Amino acid sequence: MAIGWNNRTLRRGYRGVPLTEPAFEAQVRPHLDSLYRTAVRLSGDRAGADDIVQEAVIKAWRHYDRFEQGTNFRGWIFKILMRTFLNEHRRKRRAPAVSDFAEVEPEGAPETNWLSVDDLSRLGDRVGDAAKAALDKLPDEHRMIFYLSTYEELSYREIAVIMEIPIGTVMSRLFRAREALRHDLSDYAREGGWLKERQDP
Amino acid sequence: MKCHEAKRRLDLFMDGELSVPDNMTILEHLNICKSCDAAFAGEKALRDSLKAQSNADKLPEEVAQRIFANLGPGPTSTQRRISRRSFWGRVAAAAVFLAVAGAALFTSSGELPSAFAAEATTRHEATREGFHPRRGGLEECLCALCHPQGADQAADAFFRRHVSHDVCLHDLRPMGYELVGVSVWEHRGQLVCWTVHRNAQGRTISHGLARTPVALGGRPVRISEGRRPALLIPYKNTGSSCVFIFDETSAADRFAAMVMGK
Chain P
0 MAIGWNNRTL
10 RRGYRGVPLT
20 EPAFEAQVRP
30 HLDSLYRTAV
40 RLSGDRAGAD
50 DIVQEAVIKA
60 WRHYDRFEQG
70 TNFRGWIFKI
80 LMRTFLNEHR
90 RKRRAPAVSD
100 FAEVEPEGAP
110 ETNWLSVDDL
120 SRLGDRVGDA
130 AKAALDKLPD
140 EHRMIFYLST
150 YEELSYREIA
160 VIMEIPIGTV
170 MSRLFRAREA
180 LRHDLSDYAR
190 EGGWLKERQD
200 P
Chain U
0 MKCHEAKRRL
10 DLFMDGELSV
20 PDNMTILEHL
30 NICKSCDAAF
40 AGEKALRDSL
50 KAQSNADKLP
60 EEVAQRIFAN
70 LGPGPTSTQR
80 RISRRSFWGR
90 VAAAAVFLAV
100 AGAALFTSSG
110 ELPSAFAAEA
120 TTRHEATREG
130 FHPRRGGLEE
140 CLCALCHPQG
150 ADQAADAFFR
160 RHVSHDVCLH
170 DLRPMGYELV
180 GVSVWEHRGQ
190 LVCWTVHRNA
200 QGRTISHGLA
210 RTPVALGGRP
220 VRISEGRRPA
230 LLIPYKNTGS
240 SCVFIFDETS
250 AADRFAAMVM
260 GK
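Quick note, the sequences are listed as chains P and U, same order.
Using numbering that gives the first Met the number 0, the letters of the first sequence correspond one by one to residues 0 to 200.
Using numbering that gives the first Met the number 0, the letters of the second sequence correspond one by one to residues 0 to 261.
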């Protein structure tokens with residue numbers, strides 16, 4: 000239910016959903032693997048991902064009464080996970096966030112390199128590592144948007160809410176991330192001799 | 000459509016972010032253009048490959064157990080703060096409500112709840128059996144045969160494809176109802192997200208969200224006249240309204256009691 004009910008409903012838990020640990024656990028559990036996978040992709044290691052998920056879940060529990068039951072719980076807890084990762088990551092590297100990829104991209108970007116099914120088939124298992132290397136070069140905020148869209152299949156609107164940015168920024172960052180991925184994968188495939196050169200009609 | 004336009008929109012198409020007419024245009028182009036179709040197939044294969052490699056990761060159960068065993072202090076302290084504030088909050092809300100209710104029963108949209116409910120009732124009667132077999136376009140069957148991977152995801156993807164505004168996420172499973180279909184239809188120039196739920200006894204509850212503020216005062220409005228019982232609920236503070244249509248009064252009463260927190 001996505002209705003702004005009064006505080007009495009909030010305290011009781013909307014539609015009988017009490018603010019208890021078992022109720023919270025039941026709501027979180029279906030999303031744990033998704034949260035974990037996203038944290039693994041972001042942090043790059045499983046031990047770090049465990050910590051990010053744990054911290055995010057504890058924060059979510061602390062603020063569980065602020066979640067409006069019936070609205071998008073998945074979006075809410077992903078937002079907490081993203082903030083947790085960014086805070087931790089920025090603290091570790093002591094560096095500010097990159098503003099927008101469009102601002103640093105040189106003029107005259109090359110044309111999109113669309114890979115064919117045959118190209119991917121020739122690349123085989125190398126795709127995963129090559130894609131990871133390409134994505135690791137992107138700023139955190141761009142990678143996050145790519146992961147949320149490609150792996151978690153969230154809508155642009157949901158991502159905009161989670162990342163607290165305008166939907167246009169989601170679209171431009173996602174576009175840049177995908178272009179960078181295609182470009183790097185094509186280069187990798189060409190250098191390895193796996194790319195079949197072709198000409199568009 | 001030219002190839003460069005189709006390729007420029009290919010990502011939006013694959014992300015389900017295009018409008019229905021734009022989707023159709025892309026599909027038509029892919030049917031006749033080998034180059035764009037190859038780009039689409041390649042991009043789809045790339046996404047599938049990345050997802051397949053990534054989706055194997057699962058949070059170890061012992062980590063999950065450790066997390067839930069060490070949750071720490073919960074939201075109790077915040078609840079107490081809310082509780083102390085809530086009395087004066089209610090007094091203020093009541094004062095505002097009385098002042099506004101004296102001036103007008105409904106918002107400036109000029110729409111009467113009964114008009115919206117009547118239109119929704121007609122829709123309820125036309126769709127209460129669901130949409131099987133899948134009709135496509137602006138209607139989608141969500142039964143287990145049409146969507147064995149799960150109705151929730153399919154409903155989410157359907158609405159994402161067709162509407163840009165908020166979609167209400169009313170979950171009626173606690174009442175024993177399952178999602179059987181979704182559609183969108185136009186009401187006063189606004190698209191209504193229409194969701195159909197049925198229980199094991201074949202009873203149906205349909206509900207839809209329209210960007211039309213029909214009820215005032217933050218409370219549900221019951222419409223008892225007409226062919227079916229209806230309940231109108233303001234949707235958060237967005238100015239949108241959700242209309243629920245029930246097969247029978249008892250289901251409407253149960254639902255009203257549930258959402259009122261009684």
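By construction, these hints were calculated from the structure, which means they are not laboratory data.
Careful: at least some of the hints might be erroneous.
[What the hints assert, rightly or not] Here are the computed lysine-lysine pairs in the DSSO-like style, where the Cα-Cα straight-line distance is at most 30 Å:
id, chain 1, residue 1, chain 2, residue 2
1, P, K58, U, K43
2, P, K78, P, K131
3, U, K33, U, K43
4, P, K131, U, K57
5, P, K58, U, K33
6, U, K1, U, K57
7, U, K50, P, K58
8, P, K58, U, K1
9, U, K57, U, K43
10, U, K57, P, K58
11, U, K33, U, K1
12, P, K136, U, K50
13, P, K136, P, K78
14, P, K58, P, K78
15, U, K33, U, K57
16, U, K1, P, K78
17, P, K78, U, K50
18, U, K43, P, K131
19, U, K57, P, K78
[What the hints assert, rightly or not] Sample of chain U residues at the chain P side, in silico, Cβ under 8 Å:
id, residue
20, F12
21, L17
22, V19
23, P20
24, T24
25, D36
26, E42
27, A44
28, R46
29, E61
30, P147
31, G149
32, R159
33, D170
34, A250
Here the structure is a predicted model, which means the values were calculated and not measured.
All C-beta atoms in this analysis are idealised placements derived from N, C-alpha and C, irrespective of residue type, glycine included.
Restraint status (C-alpha distance of K57 (chain U) to K78 (chain P) at most 30 Å): holds (20 Å)
Given pair status - K57 (chain U), K1 (chain U), alpha carbons within 30 Å: This hinted pair is violated, its Cα atoms lying about 43 Å apart.
Satisfaction of the E61 (chain U) interface hint, Cβ to chain P closer than 8 Å: Status violated, d = 10 Å.
Hinted pair K33 (chain U) and K57 (chain U), Cα distance within 30 Å: violated (39 Å)
Distance restraint between K136 (chain P) and K50 (chain U), which requires alpha-carbon spacing of 30 Å or less: holds (19 Å)
Hint check: 8 Å Cβ-Cβ cutoff, F12 (chain U) to chain P: The hint is violated - F12 (chain U) has no Cβ within 8 Å of chain P, the shortest such distance being about 13 Å.
Restraint satisfaction for E42 (chain U) [CB to CB of chain P, less than 8 Å]: Hint on E42 (chain U): holds, closest Cβ of chain P at ~7 Å, below 8 Å.
Given hint K1 (chain U) paired with K33 (chain U) - CA-CA distance at most 30 Å: holds (13 Å)
Pair hint K43 (chain U) and K131 (chain P), alpha-carbon separation not exceeding 30 Å: Distance ~17 Å between K43 (chain U) and K131 (chain P) Cα, so the pair holds.
30 Å Cα cutoff - pair K33 (chain U), K43 (chain U): Since the Cα atoms of K33 (chain U) and K43 (chain U) sit roughly 15 Å apart, the hinted pair holds (cutoff 30 Å).
Restraint status (C-alpha distance of K78 (chain P) to K50 (chain U) at most 30 Å): holds (21 Å)
Agreement of K58 (chain P) and K43 (chain U) with the hint, judged by alpha carbon distance not exceeding 30 Å: violated (36 Å)
The structure does not agree with the numbered hints 1, 5, 6, 8, 15, 16, 20, 21, 22, 23, 24, 25, 29, 30, 31, 34 stated previously, though it agrees with the rest.
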